[in-house]
Every structure is written in C-alpha cells, then in structure tokens.
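Here is how the chains run, residue by residue.
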Amino acid sequence: MKIRKIVTLIDETLLEGGRPVSPAARIAVVAAVIENPWAGQGFVEDLSAGIDATASDLGALLAPRVMEALAAPLEAYGKAAIVGLRGEIEHGSALIHTLKFGDHFRSAAAATTLLPAVEKRGPAGVAFDIPLKHFTDATIRSHHQSFEVRIADAPHPDEILIALAGATQGRPQQRLAPLTTEQ
Amino acid sequence: MTITTAPASSVGRASSRQSVDIGLRKVVTSVDEILMDGGKAVPAVIRQASCIAIIANPWIADAPLADLQPATERIAPMVAKLLSDRLLAALGDPSTVEAFGKAAVVGLEGELEHAAAMIHTPYFGNLLREFLEGTSIICFADARSEAGADLRVPLWHKSHASTRSHYQSLHIHLADAPHAAEIVVIAAASTGPRPHPRIGDRSTDRPVTSTILEGITS
Numbered sequence: 001m002k003i004r005k006i007v008t009l010i011d012e013t014l015l016e017g018g019r020p021v022s023p024a025a026r027i028a029v030v031a032a033v034i035e036n037p038w039a040g041q042g043f044v045e046d047l048s049a050g051i052d053a054t055a056s057d058l059g060a061l062l063a064p065r066v067m068e069a070l071a072a073p074l075e076a077y078g079k080a081a082i083v084g085l086r087g088e089i090e091h092g093s094a095l096i097h098t099l100k101f102g103d104h105f106r107s108a109a110a111a112t113t114l115l116p117a118v119e120k121r122g123p124a125g126v127a128f129d130i131p132l133k134h135f136t137d138a139t140i141r142s143h144h145q146s147f148e149v150r151i152a153d154a155p156h157p158d159e160i161l162i163a164l165a166g167a168t169q170g171r172p173q174q175r176l177a178p179l180t181t182e183q
Numbered sequence: 184m185t186i187t188t189a190p191a192s193s194v195g196r197a198s199s200r201q202s203v204d205i206g207l208r209k210v211v212t213s214v215d216e217i218l219m220d221g222g223k224a225v226p227a228v229i230r231q232a233s234c235i236a237i238i239a240n241p242w243i244a245d246a247p248l249a250d251l252q253p254a255t256e257r258i259a260p261m262v263a264k265l266l267s268d269r270l271l272a273a274l275g276d277p278s279t280v281e282a283f284g285k286a287a288v289v290g291l292e293g294e295l296e297h298a299a300a301m302i303h304t305p306y307f308g309n310l311l312r313e314f315l316e317g318t319s320i321i322c323f324a325d326a327r328s329e330a331g332a333d334l335r336v337p338l339w340h341k342s343h344a345s346t347r348s349h350y351q352s353l354h355i356h357l358a359d360a361p362h363a364a365e366i367v368v369i370a371a372a373s374t375g376p377r378p379h380p381r382i383g384d385r386s387t388d389r390p391v392t393s394t395i396l397e398g399i400t401s
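In the order they appear, the protein sequences are chains V and Y.
Take 1 as the starting number for the first sequence in the numbering used here and just add one per residue.
Take 184 as the starting number for the second sequence in the numbering used here and just add one per residue.
Just so you know, the hints here were simulated from the structure itself, not pulled from any lab data.
For every residue, glycine included, the Cβ atom is placed at its ideal position computed from N, Cα and C.
Just to be clear, a hint being listed does not mean it is correct.
Calculated pairs, DMTMM-like style, for lysine to aspartate or glutamate (alpha carbon to alpha carbon, straight line, at most 25 Å) [said to hold, decoys possible]: (1) Lys100(V) to Glu90(V); (2) Lys2(V) to Glu45(V); (3) Lys264(Y) to Glu68(V); (4) Lys120(V) to Asp359(Y); (5) Lys223(Y) to Asp153(V).
Across the chosen pairs, the derived CB separations fall in these ranges [stated by the list, open to error]: (6) Phe43(V) to Glu294(Y): 50 to 58 Å; (7) Ile320(Y) to Gln41(V): 48 to 56 Å; (8) Thr279(Y) to Lys120(V): 31 to 39 Å; (9) Arg175(V) to Ile382(Y): 49 to 57 Å.
Work the whole structure out from these sequences, hints included.
Here it is as structure tokens:
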C-alpha cells in the first residue's frame, strides 16, 4: 500500500440553534490517500488479491487513529471510499465493503452494526458527506447524521481516498421521537 | 507497510462558558500528514495543522464606525489561546513547529475590518507568536464570504520569514461557516518545509535584475 498522505479532522460543536451543546459534540474523521491498487491494470476481473494486500492494513491504520482523535467513547460511525477518475467505484467498494476492513473499527469501538458508507468517484477536491449511524443499533434515530469533507488535492486520478468517521453523540439538539412512536 | 507517525493527539475541550462568552459555535482541527509527494517519500513526515474557531461577530449590532478595541481586547486573546492549545495538542511541543500563519473570514453582515480586528492586533498575533515560540511577523489571509467558503492560509518560517523552503499554504474548507453574523478565526502551523524544497534560497541566488531580459524581449 502506497500512502501519500493522512488527514485527520476533529469537529467540535458547542452551540447549535443558538443553545449550548454540553458536552460539545465531537466528530473525528481520518482519511488515507493511497495509490489505487489496480491502477494501470485495465479491467481486473478478480479483485481479491488487491483486497487482501490492502483492506486489512487500511482498517488497522485508520481505526485507532479515529478513536484517539475522538478522545471519548464512540456512539456513531461511518466510512467513505472516494475513487479518482481513472478508477472504478468498484475499486473503492472493494476496499471498504469487506470484514477485513470494517472489523478493525468495530473492534476498536466495541461496535456491532454495519458501517454506513459513501462511495463516489470524482476529481481531486470533490466534496463528500460521510453518513454516520449508531454503533450498536442502526435504527436509533437521534444518531443519524452526516459530516462533510473536502480535501483539496485528493484523490488524484490513480488514487483512492479511504476514510473512517466517528461521533461521540447524536445530532446536537436532537429531539425527534423514537422510531417506535410511529408504529 | 511502515507508518512511523503518531496519530494526531487528542485535543483539549472548549468549555460551555467559552461558547457563551464569545459565541463560540464550533472548533475544527485539521492535520495533514504528508508521507509522499511527486511519487517520492519525504525525508521526514511533514505535519500541517490548522485550527478554526467559529464565533459570533461582536460588532453586528453596533453603529457604523464603532470602536472595535473593547471587544478585540476581550475576545482575541481567548481565541488565540484556544487555537494555540489545539495546534500544539495536534503537533506536539512548540519546538516541532517551524512555520505559522493565520486568517479570518467574516460573514456577509460584517466588515472586513471586523476580521482584521480579530487577527491583526497584539491581542491575537503576539499571543499566537508567543505560544508557538516564533519571532517572525505572521503572514495571513482575510476574506468576507458566504458560508461554505474555501480559502488558502499562507504560512512561512516562524523565526526566519524569508526562508524560501517554508513558503507554503493550507487549504481550509468551511462547510457551514461563516453565517452572516459570524467570524471564522484560523491559526495554522507546519512541522516542516514543502515536501521536496529545491528552489534555492536568498543565500544561493545569483543577482537577478531586469538585465536578464536583454536579448529575450524585443
């Protein structure tokens, strides 16, 4: 795996709707910009070799960094794969939609649910929104949220940007009734 | 795979008192770790960090040409401390910081002078310089804009501003700021130069004047 750079973002919200958020709501994102493992190979039918060489190492790199940046217990999480213009969206999906990748984060966060994801192809600097859901019950409505990321010079056409995101709580000032009240 | 850099350190917490005192809505910290550029690994990983405080514009309700000094003296030092603390939490000891910069973006209901008041007085600049242990004047960017702004914050060497290898800038993306009555205040720092600096320096330049154009231009 060739890593060009690693970007860490920590977002703290202290006021929302004009009212204090206490404790502050924290979201952390860690993104690695790597060379597309299938770059220059044409249409590769079997992606398993590239997945085996990359996905687990990526999960092992990103998961502990998100937990450290969050510096508090995680309650919601999500992931992203943004593929440069010469790659396929399937290349990004190959790296993040495997247990080899996601289990590192589930293990670090004591989580049990599937990670919601954004998969997208775009030019360097493309904006993307990472969806986050509750880490043990994806139906908990208070924790449905998303976080916007834009990295100016990534991904290059032969790169893939892979990110993990974690949140310490649900939406600031969340006040929707639980899903069960509508049933 | 060998990754020798430490994860970005956890940052301090802003208090709810601060959020009320200065209308602090958000704090965003960003760290770029550059391992490779131009297809070649950098000799030592370069870490570039920015920290952004999104605060209420204290002068929105004031009469035109009101005195900016009282709110500047009250707010700018708090913001300087908040941003410096987070930069140092992300990058480590002040001795690791080699370059610095600053910026302010005012929302559409404010004046550019309001942005300037937050970053161009000793109440901000002297404190940022002291906390990051620099001696240079701090280079800057300023703007008035709608929410969703992108800007580049320039950095240069914290004690030898003319050091060419350390001229660099950071990209800042503000998804939902500044609102019309807000100001975004930014401090930025880097642990090193550009990834592969190789354009010489003042000490190596030969004298260059317009005489080099002789024979080139007609």
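Hints versus structure:
{"no.": "1", "hint": "Lys100(V) to Glu90(V)", "result": "16 Å, holds"}
{"no.": "2", "hint": "Lys2(V) to Glu45(V)", "result": "22 Å, holds"}
{"no.": "3", "hint": "Lys264(Y) to Glu68(V)", "result": "22 Å, holds"}
{"no.": "4", "hint": "Lys120(V) to Asp359(Y)", "result": "22 Å, holds"}
{"no.": "5", "hint": "Lys223(Y) to Asp153(V)", "result": "17 Å, holds"}
{"no.": "6", "hint": "Phe43(V) to Glu294(Y): 50 to 58 Å", "result": "56 Å, holds"}
{"no.": "7", "hint": "Ile320(Y) to Gln41(V): 48 to 56 Å", "result": "51 Å, holds"}
{"no.": "8", "hint": "Thr279(Y) to Lys120(V): 31 to 39 Å", "result": "35 Å, holds"}
{"no.": "9", "hint": "Arg175(V) to Ile382(Y): 49 to 57 Å", "result": "56 Å, holds"}
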